[in-house]
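Asks: Read off the chains here:
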Amino acid sequence: MEIWSALSRAKRGFRDDLRLHVVAIASLVVAFLCLGTALLSVENLTRIASRWSQTQHMTVYLRDQAKEADVAQLRLVLESLGEISKVEHISAVRARELFAEQTNMSSADLAQLPTDAFPASLELDLADGVPSARIEKIAARVQRFAGVEEVETYRSFFGQLRSLIDAGRSGALLLSLLVVVCVLAVIGNTIRLAVANRRREIEVLKLCGATDSFVRGPFVLEGVIQAVTASTLAMLLLFVAYAALHGHVESTLTALTGVRTVFLNPLTVLGTIAAAAFVGAIGSALSLRRYLQV
Amino acid sequence: MEIWSALSRAKRGFRDDLRLHVVAIASLVVAFLCLGTALLSVENLTRIASRWSQTQHMTVYLRDQAKEADVAQLRLVLESLGEISKVEHISAVRARELFAEQTNMSSADLAQLPTDAFPASLELDLADGVPSARIEKIAARVQRFAGVEEVETYRSFFGQLRSLIDAGRSGALLLSLLVVVCVLAVIGNTIRLAVANRRREIEVLKLCGATDSFVRGPFVLEGVIQAVTASTLAMLLLFVAYAALHGHVESTLTALTGVRTVFLNPLTVLGTIAAAAFVGAIGSALSLRRYLQV
Amino acid sequence: MANPGSGRKGNVVRPSVFRGKHRDDAPKPILVMEEVYKYFRRDVPTLRNVNLTVERGEFVFVTGPSGSGKSTLLQLVYRQHTVDSGRILFSGRDVSRLTDSSIPFLRRNLGIVFQDFKVVPHWTVYENVAVSLEILGTNARLARSRVAEALERVGLAGRGNERTETLSGGEQQRVAIARAIVTEPALLLADEPTGNLDPQLAIDILTLFEEIHEAGTTVLFATHDHSLLATSPHRLVVIDDGRLIEASQGLRAWSARMQSLGASHAS
Amino acid sequence: MANPGSGRKGNVVRPSVFRGKHRDDAPKPILVMEEVYKYFRRDVPTLRNVNLTVERGEFVFVTGPSGSGKSTLLQLVYRQHTVDSGRILFSGRDVSRLTDSSIPFLRRNLGIVFQDFKVVPHWTVYENVAVSLEILGTNARLARSRVAEALERVGLAGRGNERTETLSGGEQQRVAIARAIVTEPALLLADEPTGNLDPQLAIDILTLFEEIHEAGTTVLFATHDHSLLATSPHRLVVIDDGRLIEASQGLRAWSARMQSLGASHAS
Ligand SMILES: Nc1ncnc2c1ncn2[C@@H]1O[C@H](COP(=O)(O)OP(=O)(O)OP(=O)(O)O)[C@@H](O)[C@H]1O
Ligand SMILES: Nc1ncnc2c1ncn2[C@@H]1O[C@H](COP(=O)(O)OP(=O)(O)OP(=O)(O)O)[C@@H](O)[C@H]1O
Ligand SMILES: [Mg+2]
Ligand SMILES: [Mg+2]
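Chains as they are written, first to last, in the working numbering: chain U, 1 to 294; chain C, 1001 to 1294; chain Z, 2001 to 2267; chain Y, 3001 to 3267.
The set of hints was computed from the structure by calculation and includes no laboratory data.
Errors might be hidden in some of the hints.
[What the hints assert, rightly or not] Across the chosen pairs, the derived CB separations fall in these ranges:
| id | chain 1 | residue 1 | chain 2 | residue 2 | range |
| --- | --- | --- | --- | --- | --- |
| 1 | C | ARG1019 | Y | PRO3233 | 51 to 61 Å |
| 2 | C | ARG1019 | U | ARG15 | 50 to 60 Å |
| 3 | Z | ARG2093 | Y | TYR3037 | 48 to 58 Å |
| 4 | U | ILE225 | C | LYS1011 | 34 to 44 Å |
| 5 | Z | GLU2034 | C | LEU1233 | 54 to 64 Å |
| 6 | Y | GLU3152 | Z | ALA2140 | 20 to 30 Å |
| 7 | C | SER1085 | U | GLU123 | 20 to 30 Å |
| 8 | C | ARG1047 | U | GLU68 | 44 to 54 Å |
| 9 | C | GLU1250 | U | ASN265 | 26 to 36 Å |
| 10 | U | ASN265 | C | ARG1260 | 47 to 57 Å |
| 11 | C | LYS1011 | Y | GLY3137 | 13 to 23 Å |
| 12 | Y | PRO3233 | Z | ALA2140 | 32 to 42 Å |
Heads up, the beta-carbon is just placed ideally off N, CA and C, and yes, glycines get one too.
Whole structure, please, built from the sequences with the hints as guidance.
Replies: Below you can see the structure in the form of structure tokens.
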């Protein structure tokens, strides 16, 4: 009974101030679009981060006096380990060449560097998903082989890389949060506007003996309807935009990051819409408080 | 005279609905913060894009029968060119090795590939900022040398990379645009709210013989004051956030992208604030139109 | 029809708090004010030591100069304001001690004509009158017929679909009256309900209130209109300088007093 | 002080359009309505064939039943609405042919008391009265003294700092009156300015309007209050069924007519 009355009064509200509601929904669509974009970035950055955190590398520096046989044996052992996907031998000469390539140094300058600055090494690629504890264990074992000078696990480099991606992700998360605040502000203001415009109506209802919940009903409904309409529209638009852009950049993006981009998962989409409905309802109820004191 | 009256009435407006104005400014700060973040991303992505578009590479594939002397001469010529910063010779064997390294192919499979799949080559790094027209010219000239099979300028690869960054940049631009629309919506709604709350006041002014510009004055002022306050606050906050995060990620970011991050340039900041003021004024004036028909 | 709890009120939801409790001892007064004080400014009370007892089924005029506290008196009854000292009993319940959540149920027993009408300008006339039935949960069909009847009684038959803001001052006042009477309340509080009506219509409205009163409703009628007071035989109380004076000696004596007061006021 | 263009109006900005043009031929009427028709509904005109000439310095009562078109008549003068046919001349200028941008200058020559007051509830009393001077660009010091004077004349001396919404109905009405008279307008349009006032105060306000009239202002006074009409010697026009009737034969004849009309209305 009361819900029907609330519904019919909500309809009356939409009828009386249609333009305001259209403006409100439009600005909410924009806000949710921002939110969706931010969530999409977070989702894909997270995927890249988890992919990259799995790609790891290790270098085994060999002593100058290391015997060929020792090295060959070490290679065999390493190749037999499941955690290591590839082993490459870099000679001291090649190391010097590579350094020269990377640094663009003249051969004269290069010649001045001490010979032991460029030890021969075994470059190891690790399989996906090897935990860092295991890596440290392998490193410790390899260390004990004859001919091994030092084992570099690049913990600091990968740590740095990961922290960079984490920074990107938390940036995106922060942005999402900002957008959420913005969405809240827009919803809040829209509802305040609707409520302030209908101050007289609320006063009349209260003075004629309406309970607070009776007065609140249609406003809460309107808030929910607006928020759900706007968030659904925004998600649809975002999907259309995603589908349109996807084809253009997917291949390059995949090549660069090694990760296929994905759209928000359906649960996130539904969750966003549900959260919007919730915020719409709460926002309406809160905005009313001030005017219910009659 | 009229400006003073407008100022004193604007002050009265702030006094009468302080809470509304605080809420409005707060939501505008959030909106401008989003805008600032988007602009910051655009600015830095643009810098990365321009940096990367300058790093270019060229490969000169040599015929199998190419004479050592020809190659040496070609090298000399290339090294004398200002546009080419580095020349490296890759033999056919090394090319095969590199391919094997990159693809993780077994040596058995590798052996089955035709020998001419791996020609010897000269790998050229180009200096910064060489226009692509010039690159094509060099390529055409090199092509005519004895012993040169083919010249690869990687136009398509760099094109792809550039288009990826361009996509990122236009994504950020699109987001900025979205945020601008959102900011407009928030300002618009806020002002509508303020105006709707003061409908009676406007009616009274009009009926007592006030001109439209007299009525509009304080609203336009309020709009400008709100927008300027909010955008200035947002820019300050953004700068604080930038300064705080900067130290943490700068080194890694620079290492990865080869570009130092920068804050928005002062002109952009001032421009944003000026645009905000303009939008605030126009928004107020437009929102009033409906209520001026008395 | 002497008992306001009976009649057509089958569809009217009234909490037991305000009903039945005193059915057995019907003579118990519907409204009692005991030593009521109301201060809007710290030093000058708007109402001072007001004592008033209104029996069930009475018709009481309240009059007094502008700003004397007539509206305030009525507002205290429907809990727009609360008393600063003393108490107000409605059907034996202390109004000032009601919780916020039971105020609506108090108001559902009242029909209120506000001095400034308090109609919603962008609603239709029908919607403005029907709202009080809607709040009571009256079903739509019954509501339609009762709103139509109320509109006819105030002389606005057939104008239900007009937007209320396009009506003349007097017509809006009659919409407010229709809204107050459509629920057939136990107590009708009318604050200057004829201020915007021509003399003939004012008498018609007074007649309407008297009819409703005949049917068992208690009426508290605040007015300035001396021509109405002159033609009616009802009880009259006067508020002056915040004090309530029972004009039991008849209108004429009070009127003479008013004239002298008015003369000094105009100085 | 018989010429409304003279006196204390040094600080009042009035465009030449509405001033001076007819100074030489002063007898030219200030307000002329010629065959005015106003339709709010397609079939029934609210005003039909209204002809009215108000000379400079006249005092004219307008009366008629609720909804007869009194407010509409005044609204046509201040261009709240436009006529559907016929024309209205104010100081010889056709009001309905004013551009939107010159309407403000028309209104600055008028003092208007609205039937629903149209005061801004959250402004102080002072601000509500001062607003019309502010629009004219009167300097602050002069404005302060004139507002204080106007408030004193309506019996609200010393209440300038109260929020207007906390005032009683009659007090708000007096704020509206103060706002209308503070600019010393050429033509005063008062729509039911005593509806919320007690009889003594109503007479005081009428006396105030008569004083202002003595000083040269033309007054158009719409009212239902027969006791005011009875005590005043002024010209009276009656609107009934949209037609304007000159009650030149005196109030009594018209009043008798009203009674019979009222009786048929009440049927
Ligand atoms: N909410 C309020 N806050 C402060 N003062 C108030 C408030 N309500 C009323 N008053 C003051 O109390 C006094 C009495 O007001 P009230 O409205 O009761 O008068 P009234 O008898 O109804 O007068 P009127 O005939 O003019 O309507 C007035 O002087 C008014 O200013
Ligand atoms: N803006 C409008 N739109 C439609 N109808 C209107 C409008 N304004 C007035 N009317 C109608 O015109 C008629 C006359 O209205 P008006 O306000 O002039 O009456 P009035 O003589 O002032 O009555 P009262 O004494 O009740 O104030 C009324 O029936 C009203 O409904
Ligand atoms: Mg009152
Ligand atoms: Mg009227």
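Asks: Please go over all the hints and tell whether each is borne out by the structure.
Replies: Outcome of the hint check:
1. C:ARG1019 to Y:PRO3233: 51 to 61 Å: Holds: the Cβ-Cβ distance is about 54 Å, inside 51 to 61 Å.
2. C:ARG1019 to U:ARG15: 50 to 60 Å: Given a distance of about 29 Å, which is not inside 50 to 60 Å, the answer is violated.
3. Z:ARG2093 to Y:TYR3037: 48 to 58 Å: Holds: the Cβ-Cβ distance is about 57 Å, inside 48 to 58 Å.
4. U:ILE225 to C:LYS1011: 34 to 44 Å: This hint holds: roughly 38 Å between Cβ atoms.
5. Z:GLU2034 to C:LEU1233: 54 to 64 Å: Because 56 Å falls inside the window, the suggested range holds.
6. Y:GLU3152 to Z:ALA2140: 20 to 30 Å: The hinted range 20 to 30 Å is violated for GLU3152 (chain Y) and ALA2140 (chain Z), with Cβ atoms some 54 Å apart.
7. C:SER1085 to U:GLU123: 20 to 30 Å: holds, 27 Å
8. C:ARG1047 to U:GLU68: 44 to 54 Å: holds, 49 Å
9. C:GLU1250 to U:ASN265: 26 to 36 Å: The hint (26 to 36 Å, Cβ to Cβ) holds, given that GLU1250 (chain C) and ASN265 (chain U) are roughly 33 Å apart.
10. U:ASN265 to C:ARG1260: 47 to 57 Å: violated, 36 Å
11. C:LYS1011 to Y:GLY3137: 13 to 23 Å: Holds, since LYS1011 (chain C) and GLY3137 (chain Y) (Cβ atoms, about 18 Å apart) stay within the stated range.
12. Y:PRO3233 to Z:ALA2140: 32 to 42 Å: violated, 56 Å
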